[in-house]
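Student: These are the residues of each chain, in order.
Number of protein chains: 2
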Amino acid sequence: MQSSTKHALFPFVEPESVAIVGASASPGKAGYELLRNLLANEYRGKIYPVNPKASEILGLRVYPTVADLPGGIDVGLVILPAEGTVAAVRGLAAKGIRNQVLLAGGFAELDEAGARIQQELIDIIRETGIRVLGPNTSGHISTPHCFTSAFFPLGKIRRGSVSVVAQTGNFATHTMKHILTHEYFGVCRVLGIGNKIDIDESDALEFLAGDPETTAIVMYLESFKRPRHFLEIARAVTRVKPVVLLKGATSAAGKQAAVAHTAAMASQDRLVDAMLRQAGIVRVWKYSHLILAVKALSMVCLPKGNRVSFLAPSGAMLVALTDFCMGQGLVVPAVSPQTVARLQEISPAYLPMRNPVDIWGAASTKGVEFAYREGMEAVLKDANIDAVVPVLMLARETGVPPSYEFIPELVRRYPDKPVLVSFSAAKECEEECKALLEARGVPTFPEIEQPFEALSILVQCRQAMNRLQASAVG
Amino acid sequence: MQSSTKHALFPFVEPESVAIVGASASPGKAGYELLRNLLANEYRGKIYPVNPKASEILGLRVYPTVADLPGGIDVGLVILPAEGTVAAVRGLAAKGIRNQVLLAGGFAELDEAGARIQQELIDIIRETGIRVLGPNTSGHISTPHCFTSAFFPLGKIRRGSVSVVAQTGNFATHTMKHILTHEYFGVCRVLGIGNKIDIDESDALEFLAGDPETTAIVMYLESFKRPRHFLEIARAVTRVKPVVLLKGATSAAGKQAAVAHTAAMASQDRLVDAMLRQAGIVRVWKYSHLILAVKALSMVCLPKGNRVSFLAPSGAMLVALTDFCMGQGLVVPAVSPQTVARLQEISPAYLPMRNPVDIWGAASTKGVEFAYREGMEAVLKDANIDAVVPVLMLARETGVPPSYEFIPELVRRYPDKPVLVSFSAAKECEEECKALLEARGVPTFPEIEQPFEALSILVQCRQAMNRLQASAVG
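One line per chain: the protein sequences are Y and C, in this order. Position one of the first sequence corresponds to residue 1 (this note's numbering), numbered consecutively onward. Position one of the second sequence corresponds to residue 1 (this note's numbering), numbered consecutively onward.
Keep in mind that the hints were calculated from the coordinates and are not lab data. Be a bit skeptical, because a hint or two may be false.
If several chains are the same, the list does not tell them apart, and a pair holds so long as it fits within one copy or across any two.
[Said to hold, decoys possible] Lysine-lysine pairs mimicking DSBU-like chemistry, simulated, CA-CA at most 35 Å apart:
no. : residue 1 : residue 2
1   : Lys-53    : Lys-427
2   : Lys-156   : Lys-427
3   : Lys-29    : Lys-225
4   : Lys-6     : Lys-53
5   : Lys-46    : Lys-427
6   : Lys-381   : Lys-46
7   : Lys-366   : Lys-53
8   : Lys-95    : Lys-46
9   : Lys-6     : Lys-366
Work the whole structure out from these sequences, hints included.
Tutor: As structure tokens, then:
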């Protein structure tokens with residue numbers, strides 16, 4: 001795999017200097033919020049704002065025109081209306097700034113006039129050999145380098161190990177805000193590819209494949225610019241890193257919606273499904289599962305297989321979740337006689353124990369912490385089990401553990417087995433537990449089916465990896 | 001349909017007096033918490049605790065034995081271990097207390113000895129003609145009568161219009177706690193049928209069919225005691241009231257889990273599926289969708305059809321949600337030229353508007369409240385649209401409405417069209433909005449697909465109702 005430092009995308013995600021054409025002194029304007037994001041993330045490179053009317057913004061010296069910039073700047077961000085973009089791009093190219101992010105919309109996704117401007121940009125790229133991310137992107141994020149071109153006010157963006165390629169502006173705007181405020185995990189690189197007139201999903205995937213900071217890749221795409229090339233790269237990546245994709249515009253109606261917001265035509269879904277699978281790409285079917293996938297891939301390892309054990313305080317949950325697992329490609333196998341014996345030991349003698357584990361008896365006679373700690377350890381130890389989901393019963397009235405430390409402690413002791421937590425709980429207990437566990441790296445999910453949906457994605461990633469590795473050897 | 005006041009279940013849900021055998025003076029014990037629940041719910045009938053060792057509990061006079069009770073008590077709650085239940089049941093029957101709830105577990109669901117006790121109870125029922133709810137139930141709830149036999153510490157239970165029949169103790173314990181702490185809606189009757197040695201799901205459905213307080217019925221069942229009778233009742237009910245069912249133990253593995261926790265055998269899923277559909281029952285497939293169904297049926301009307309409009313701030317969301325709707329039996333139709341014209345009026349001129357509605361342009365140029373208010377009204381007015389889902393973009397940095405009152409106001413003006421809200425938002429904005437809207441009767445859902453899952457359930461209920469009404473006429 002290509003070294004990521006030599007890849008065309010490298011200067012975009014790890015630039016040592018950045019020019020911002022369209023920097024603004026007005027709070028609320030994109031060209032101001034972009035600068036605020038750079039400062040909030042403590043970007044350590046040099047920042048060159050360009051604005052003919054201001055001499056200083058947020059303590060940074062401002063350059064009146066592109067022509068006034070010094071040479072040797074790694075990347076240029078252009079945050080101007082479509083009409084102004086062409087001149088800025090030419091100017092930056094003339095200054096030797098060969099990597100550019102075009103942040104405004106108003107191009108082919110909009111109308112004929114925008115399409116003409118876009119064509120002009122494509123011609124400039126061909127003439128000059130510059131590399132372009134966008135246009136019509138809400139920017140990109142690179143937490144390992146404390147860098148971003150995102151103009152949505154995000155503040156400090158938490159660092160994580162999963163990277164995202166998004167053919168949508170929402171991921172670097174409200175979806176990222178959602179993640180930063182609801183969740184505890186962070187992100188690695190987020191690449192909003194926009195109208196992808198130059199850099200496309202294949203380039204992004206190729207770069208992330210070789211990126212040592214990226215352990216897994218989650219994508220939202222509505223079209224493939226170079227499908228064959230993309231699949232070829234994917235086949236190589238998915239042997240070593242999970243790739244999860246939400247393919248938008250799979251239905252006829254969805255396609256129509258897609259035409260309204262991106263210039264690229266939606267692909268025929270049926271035709272690509274088998275090819276994606278062959279390339280080891282795992283598909284999800286909900287926008288919210290993009291977040292679920294990033295969370296799961298960020299916070300737990302891939303399970304070795306699809307054999308799950310879960311502990312819940314209700315027979316109906318055991319039944320309904322077992323049914324649900326079947327539909328998710330998970331199995332809920334019998335555990336070993338030793339495991340059964342241990343579960344029996346912690347439970348009232350009359351309750352016959354098995355997998356899934358009815359933890360009610362143990363929890364109500366010996367306390368919630370004891371029951372879940374001992375029950376979880378029993379199934380984590382079992383060679384028949386690849387992953388464990390405790391559905392915690394938490395209500396002050398029926399007992400809450402004095403500390404939740406036993407869960408991260410178990411995770412440390414059984415590092416090969418993902419543990420995903422859910423709740424049957426009072427709200428205040430659930431929020432407290434989420435905060436304590438997620439700060440310690442253990443993911444929690446508010447709805448009891450979500451850990452299994454997340455596990456299903458992880459299991460499919462593992463299976464794809466095994467399949468691709470086997471076919472590479474064979 | 002039978003008048004509910006004459007139904008055998010009526011004295012269970014609207015008793016004027018109640019005896020509690022196994023009342024306890026020890027906080028934390030089930031026999032104490034049950035009394036606390038009764039008092040917290042301000043039950044207005046007479047309460048007769050029975051306990052040989054206490055003379056007063058929670059300010060209530062205590063009767064040493066069943067024999068000491070006065071005559072004419074409507075219902076007896078027995079909260080004793082299985083071994084003590086038989087004598088209590090006989091004693092209550094001898095006192096003329098013909099309606100009894102048996103709250104302890106330890107019967108056929110447990111072991112051979114328990115099965116023998118259960119058989120003894122069945123014999124007593126046959127001999128005496130008493131009616132029994134349970135055993136192995138966590139109790140029942142009847143908010144219109146401020147009554148409950150639930151022993152899980154719940155406090156005041158909010159009143160609602162949807163009733164629940166649950167072959168699981170979890171609904172009246174942790175799941176109810178979850179609803180009371182996470183949600184704003186309440187419940188009407190909750191009937192935990194337990195091992196259903198006498199009163200079963202058919203009785204429960206029949207009673208709720210005629211119950212004027214109940215507008216819709218949500219069920220969790222693992223087996224059918226009298227399938228033919230059940231379906232016959234269902235066919236009549238679903239003409240006038242929606243019935244939603246999660247059938248547990250549909251997979252072979254789920255069946256095995258079911259055997260471990262209920263005495264009743266799981267039914268063959270494939271065989272019953274078509275019959276359920278014929279009877280107008282709408283199935284759900286997740287435990288969490290029991291809560292989703294109660295919420296949706298409690299808070300909005302049934303839509304007239306499956307034609308949905310939604311407003312979201314991201315092209316990718318429009319595309320992915322349109323795809324998602326297709327899989328949920330919903331359509332996202334074109335809106336009228338007048339609606340398009342109005343949407344165009346509120347949006348930047350260059351953005352071509354349609355259904356689904358890309359609200360980003362309007363929201364970012366004219367403010368979040370204006371955009372959503374005018375956009376929602378445009379599609380609510382449209383005769384092609386049966387239901388509306390706004391996905392609210394809420395972040396302090398990009399604007400939050402000064403008040404959310406415009407949404408309940410729109411709901412009041414278009415009472416035939418369900419409005420279900422979701423978010424692409426910062427956490428604090430989302431929580432504030434949820435609190436304000438749900439207190440005013442407008443449901444919100446944290447994940448953007450959930451309003452569509454809820455709508456799908458409602459649409460299926462409407463379709464079943466139409467189908468059954470047509471076949472009744474024909």
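Student: A separate judgement is required for each hint: does it hold in the structure or not?
Tutor: How the hints compare with the structure:
no., hint, result
1, Lys-53 to Lys-427, "neither (52 Å within a copy, 37 Å between copies)"
2, Lys-156 to Lys-427, "both (28 Å within a copy, 16 Å between copies)"
3, Lys-29 to Lys-225, "within (32 Å within a copy, 66 Å between copies)"
4, Lys-6 to Lys-53, "neither (37 Å within a copy, 83 Å between copies)"
5, Lys-46 to Lys-427, "between (46 Å within a copy, 33 Å between copies)"
6, Lys-381 to Lys-46, "neither (52 Å within a copy, 54 Å between copies)"
7, Lys-366 to Lys-53, "between (71 Å within a copy, 27 Å between copies)"
8, Lys-95 to Lys-46, "within (16 Å within a copy, 89 Å between copies)"
9, Lys-6 to Lys-366, "neither (59 Å within a copy, 45 Å between copies)"
In summary, the numbered hints that this structure violates are 1, 4, 6, 9.
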